[in-house]
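Spelled out, the chains give:
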Amino acid sequence: MEGGFGSDSGGSGGGKLDPGLIMEQVKVQIAVANAQELLQRMTDKCFRKCIGKPGGSLDNSEQKCIAMCMDRYMDAWNTVSRAYNSRLQRERANM
Amino acid sequence: MDSSSSSSAVGLGAVDPQLQHFIEVETQKQRFQQLVHQMTELCWEKCMDKPGPKLDSRAEACFVNCVERFIDTSQFILNRLEQTQKSKPVFSESLSD
Numbered sequence: 001m002e003g004g005f006g007s008d009s010g011g012s013g014g015g016k017l018d019p020g021l022i023m024e025q026v027k028v029q030i031a032v033a034n035a036q037e038l039l040q041r042m043t044d045k046c047f048r049k050c051i052g053k054p055g056g057s058l059d060n061s062e063q064k065c066i067a068m069c070m071d072r073y074m075d076a077w078n079t080v081s082r083a084y085n086s087r088l089q090r091e092r093a094n095m
Numbered sequence: 001m002d003s004s005s006s007s008s009a010v011g012l013g014a015v016d017p018q019l020q021h022f023i024e025v026e027t028q029k030q031r032f033q034q035l036v037h038q039m040t041e042l043c044w045e046k047c048m049d050k051p052g053p054k055l056d057s058r059a060e061a062c063f064v065n066c067v068e069r070f071i072d073t074s075q076f077i078l079n080r081l082e083q084t085q086k087s088k089p090v091f092s093e094s095l096s097d
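Those protein sequences? They're chains A and B, same order as listed.
Okay, so the first sequence: first residue is 1 according to full-length UniProt numbering, each after it adds one.
Okay, so the second sequence: first residue is 1 according to full-length UniProt numbering, each after it adds one.
It is worth saying that the hints were derived from the structure and are not from the lab.
A quick note: this is a predicted structure, and the numbers were derived from the prediction, not measured.
Cβ atoms here follow ideal geometry from the backbone N, Cα and C, with glycine treated the same way.
Among these hints, one or two may not hold up.
Claimed, not checked - Examples of chain B residues lying across from chain A (beta carbon under 10 Å, computed):
(1) ALA14
(2) GLU45
(3) GLU68
Please construct the entire structure, taking both the sequences and the accompanying hints into account.
Have a look at this one:
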């Protein structure tokens, strides 16, 4: 993992933890956690919308539904993110 | 990565200000992200019927309204709780009941 984040810490035996490296690693972990969260909720919602009585496999219509559902969920997520951001900025402007 | 702390620059009780700032910023960002996750989930239930080839304008408007009303609800609850707490405290302030 050493050379991946462009930091200077290296193995020079200085004994200091490079804050830059820590911050980069934390950012990666946060991004991964967010992706997992998104995936988990998306799976839940799309399962509910697309799968009726569970059969022996996912048929074509179910797969098409899931694919569309995924895209719509991302659209929804982006719309919500933008709307929330706008609202926050409006609140700050009014303070 | 050598993590011996014998020559660490961090003293007892003092945190690297750069890290401190980073933590504050990332915490704030995470609060935002969490709320987006939560509202997307809630508003999906209210605004989405059958997933189509694209998000139509009615559904999009519904999501926007949903976010606004959710924030309104949250503020309403905080305000009203603050008011009713003044006259009739709901949460006991003493540790022992």
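A quick look at each hint next to the structure:
1. ALA14: 13 Å, violated
2. GLU45: 8 Å, holds
3. GLU68: 6 Å, holds
The structure does not agree with numbered hint 1 stated previously, though it agrees with all others.
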